[in-house]
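Residue numbers (the numbering used here), protein chains in the order written: chain E, 1 to 368; chain W, 1 to 303; chain Y, 1 to 327.
Calculated from the structure, these hints are not laboratory results. Given the structure is predicted, the values throughout are model-derived calculations rather than measurements. A hint or two may mislead.
Calculated cross-link-like contacts (lysine to aspartate or glutamate; reagent style DMTMM-like; alpha-carbon spacing at most 25 Å) [claimed, not checked]: (1) 25/W with 214/Y; (2) 233/E with 78/W; (3) 158/E with 141/E; (4) 233/E with 288/E; (5) 49/E with 245/W; (6) 318/E with 288/E.
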Amino acid sequence: MRFQRRAAAIGLIAAGALLFSACGSDNNSGGGSTPQASGVTCGGKQALKASGSTAQANAITGFVNTFEQTCNGQTVNYTASGSGAGVNDFTGNQTDFAGSDSALTAAQTPAAQQRCTSTPLNLPMVFGPVAIAYNVAGVTDLALDGPTLAKIFNGTVKTWNDPAIVALNPGKNLPAAPIVVNFRSDNSGTTQNFQNYLNAASNNAYGKPAAQTFNGGVGAGAKGSQGVTDATKNTPNSIAYIEASFAQKAQLPTANIINAGGGQPVPLSTDNLGKAIDAVKVTGQGNDLTLDLTSIYKTTTPGAYPISLATYEIVCSKYADPQTGQAVKAFLQTALSPQAQGTLSQGGYVPVPDAFKQRLTTSVNSIS
Amino acid sequence: MSTALDAPDQPAVPEAFRSISTARKVKNHVATVLVSLAFLIAVVPLVWLIVSVLAKGLPAIVSIDWWTHSLSGVSPDEAKGGVYHAIIGTLIQAVIAGIFAVPIGIGAAVYLTEYGRGRLARTTSFMVDILSGVPSIVAALFIFALFISIGGLDQSGFLVGLALVLLMLPVVIRNTEEMLRLVPDELREASYALGIPKWKTILRIVLPTALSGTVTGIMLAFARVMGETAPVLVLVGYARAINFDPFNGNQASLPLLIYTELSTNPSAAGQLRIWGGALTLILIVMVFQLVASLISRFSTISK
Amino acid sequence: MSSVTDTQQQATPPRTGGARSGGTGERVFRGLTTGSGLVVVAAIALIGLFLVVQAIPSLIANHDNFLTSPEFNTTDANNLRFGIRDLLVVTVLSSLMALVIAMPVGLGIALFLTQYTPERLARPFSYVIGLLAAVPSIVYGLWGILVLAPAIEPGAGFLQTWLGWFFLFAPGNIAPVLTGTIFTAGIVLAIMILPIITATTREVFAQTPRFHIEAAQALGATRWEVIRMAVLPYGRSGFIAASMLGLGRALGETIAILLVIRASTSPSHGSLFDGGYTFASLIASAASEFSQPLPTGAYISAGLVLFVLTFVVNALARVVAGGKVNG
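Full structure from sequences and hints, please.
Rendered as structure tokens:
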């Protein structure tokens with residue numbers, strides 16, 4: 001009797017498990033929110049493998065969704081394991097391309113060249129504005145410039161009513177409270193880009209090395225963009241650098257930035273960042289589009305927002321396996337399509353401006 | 001007890017027992033209050049926590065899609081899809097852990113109760129205690145060092161399962177051991193008297209007698225490992241689609257889903273997934289605990 | 001069962017015997033179970049061995065003093081600078097604080113459940129406490145930083161204002177931030193280890209020999225006096241061992257701490273209002289960057305220290321318990 005009951009129970013559990021495992025589905029296309037892209041030559045390897053930067057993870061998700069809609073049966077498995085791991089996986093021939101917050105360094109290029117048996121290409125596919133979010137009671141239109149930001153984030157400027165800040169914000173009611181700096185405690189491309197900006201825009205008044213960890217020497221760190229956002233929201237008189245989407249979703253005010261050309265404070269917007277990207281200098285040769293980001297950080301274009309994160313896809317110009325090359329090309333073509341670019345703003349990125357998109361398209365089409 | 005004192009034949013000096021000095025009474029009351037307070041102190045955060053999670057996560061888990069769909073093809077800010085892929089991953093990784101931990105755990109418990117004597121048994125028993133204290137991140141690092149750094153394998157759900165084995169083993173061993181010790185010796189002796197060898201006695205008589213208690217322990221062990229986050233952070237990548245294959249590719253699990261959404265997704269849909277995932281995880285763990293306590297209620301050996 | 005157990009109750013400690021104990025089946029079965037036991041011993045030995053093997057190259061390449069440096073910088077594989085000073089401070093402070101809170105509360109709950117609650121209610125009440133253990137630690141982390149930390153901030157501010165002269169309550173290295181400190185983490189950890197301490201202590205108290213309690217009652221002792229005279233002396237070592245087990249769990253807690261404690265750019269001064277990393281949270285925070293052997297080895301060496309720490313704590317728990325408690 002007891003054994004029968006036990007057997008029945010086990011049978012029930014097994015049946016339930018079977019039922020459960022049978023009813024799962026990957027098909028979420030009910031809403032039809034991800035349209036097909038046009039102008040893509042599908043084909044090649046079915047499932048591409050890639051890894052790297054966490055900063056572009058959400059952008060890649062949007063690209064992959066469009067890619068799956070466009071090229072039936074093809075997909076990309078992207079693991080957001082960090083830029084360093086991404087480059088290592090790529091040069092170790094474990095992945096088909098890498099996502100990275102910085103272009104290959106001179107030291108990394110030979111290894112990538114060897115893996116590709118062709119020239120590796122650095123393609124800056126994803127741009128995202130970095131917001132300076134703050135939490136100061138009664139202040140919603142703070143203006144800051146590069147040198148002042150550098151001093152805030154290295155601890156030289158300590159209070160909100162410091163003359164340096166007051167000079168940029170005449171007539172605003174800034175408290176005498178100490179400034180609390182919130183920074184990312186985990187390794188992040190955002191931190192690296194932001195510190196690069198601080199050094200460039202302040203003529204090295206920041207004076208700390210730009211690494212993936214924050215070196216300003218002040219403040220309190222929090223885990224991940226969300227952690228920094230929550231910390232800023234919960235801590236009065238605090239300031240932080242975060243990806244724009246996080247600041248917007250949390251409804252934190254973001255500072256208007258006076259760029260290196262002087263002039264009016266520039267609010268953060270897609271258009272204003274686009275102005276800076278349009279004028280960016282490319283240092284890469286031929287189809288390699290390695291950027292000189294200093295030209296964004298030190299932009300003098302009126303109305304251009306200077307603090308940006310640029311992340312690269314690192315690919316081979318010619319893959320040993322043509323199937324892989326074709327799939328990578330199809331994926332990147334999809335990524336540049338208006339449909340995929342349209343998914344970007346939701347994730348807090350900016351669509352690639354048209355002028356620069358031309359150059360990217362040329363490079364992508366050269367992949368084989 | 002008091003009945004004994006209230007016996008009709010009154011003792012000569014009953015007063016000493018009957019009236020208790022005020023100081024002693026006060027002390028007794030204070031102790032009662034403090035001890036009850038301690039219980040309340042524990043209940044407060046529990047209720048606070050459950051209410052927070054329910055309030056933020058309940059809207060997510062009431063949809064059918066939540067239980068039957070993955071997040072494949074869902075953009076981060078869309079309130080669509082579900083966590084099916086993560087539930088599957090969590091269960092698969094736990095089952096892999098169980099496949100190794102249950103037989104080894106029961107074997108070790110049998111050794112400790114039925115065979116073990118001398119220095120080896122003492123060492124084993126000691127090491128079980130040590131193993132029960134090994135932090136999950138250390139277990140994960142060990143598997144990482146052994147299989148990824150040295151072995152050159154890729155990250156996978158299987159490796160997570162292996163790390164979970166180390167966390168499950170001590171729970172299975174200790175619970176089984178306790179159950180085996182409750183099996184009366186008379187049972188064993190009766191079996192020996194019939195000429196049945198010891199190993200058959202253990203397999204046919206002792207283990208079945210202790211079965212339900214052992215199953216309880218196993219369920220509790222499952223409950224413990226399914227909420228572990230540290231191993232999945234180190235040993236497997238996150239995937240948004242369903243992956244039934246623990247040996248290849250990324251595999252989601254509920255803790256990993258929560259962590260990933262937490263670090264990459266600021267949207268309202270992301271927040272919903274974080275708390276919905278937390279609630280789902282608590283529910284699954286509670287189901288396992290409930291099943292465990294039900295089994296132990298029907299236990300063939302009463303404590 | 002009872003039908004079989006009608007024979008005399010005699011204590012036969014070693015389960016020896018069995019007819020024909022030399023058969024093949026016997027030998028195989030015995031070998032299998034012994035092997036299972038050996039797996040456990042081997043697992044511990046291998047954990048130690050492999051962590052050491054992986055840590056050594058990084059320790060040799062370290063440009064800083066491993067024991068005394070507060071820095072943990074692995075960004076440049078050719079210039080590793082890492083030490084465990086601050087990790088140790090944060091880990092030990094947060095765990096001890098958790099213990100200071102959880103020990104009296106856990107003791108109180110165990111007494112409440114064994115001595116004050118009627119049998120009928122004891123089971124559901126124990127289940128409630130057990131639920132605390134069912135909550136995954138990532139949920140504790142979320143709740144700790146988003147809900148608990150802001151709620152206890154005024155209390156932390158009060159302590160710092162009035163007891164700031166004492167090093168434990170001095171302004172920390174992430175001042176003026178008072179949320180997400182070791183203090184916050186200590187409270188979260190206390191809640192997390194409460195079910196561990198309670199469950200084990202309760203079990204030991206429940207084993208208090210009936211005649212000890214009855215003897216005390218016969219002397220006219222109040223309920224509290226019974227506890228003091230009979231229950232506590234019997235269960236003391238079990239309680240301490242249970243607390244050590246809780247301490248072991250607190251030392252190794254990972255994800256909750258990672259979410260709760262804020263990072264700092266300056267070294268710790270041993271204040272409860274400091275930020276920083278514990279061994280476990282540091283390793284977890286860097287987990288996605290484990291790609292190059294030398295920097296990874298640095299984190300493995302931190303894991304090794306954590307392993308040794310928990311080893312010692314659990315070994316002590318076993319010694320103290322003297323066989324009354326099973327993990």
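- Item | Those earlier numbered hints the structure runs against, lowest number first | The structure breaks only hint 4.
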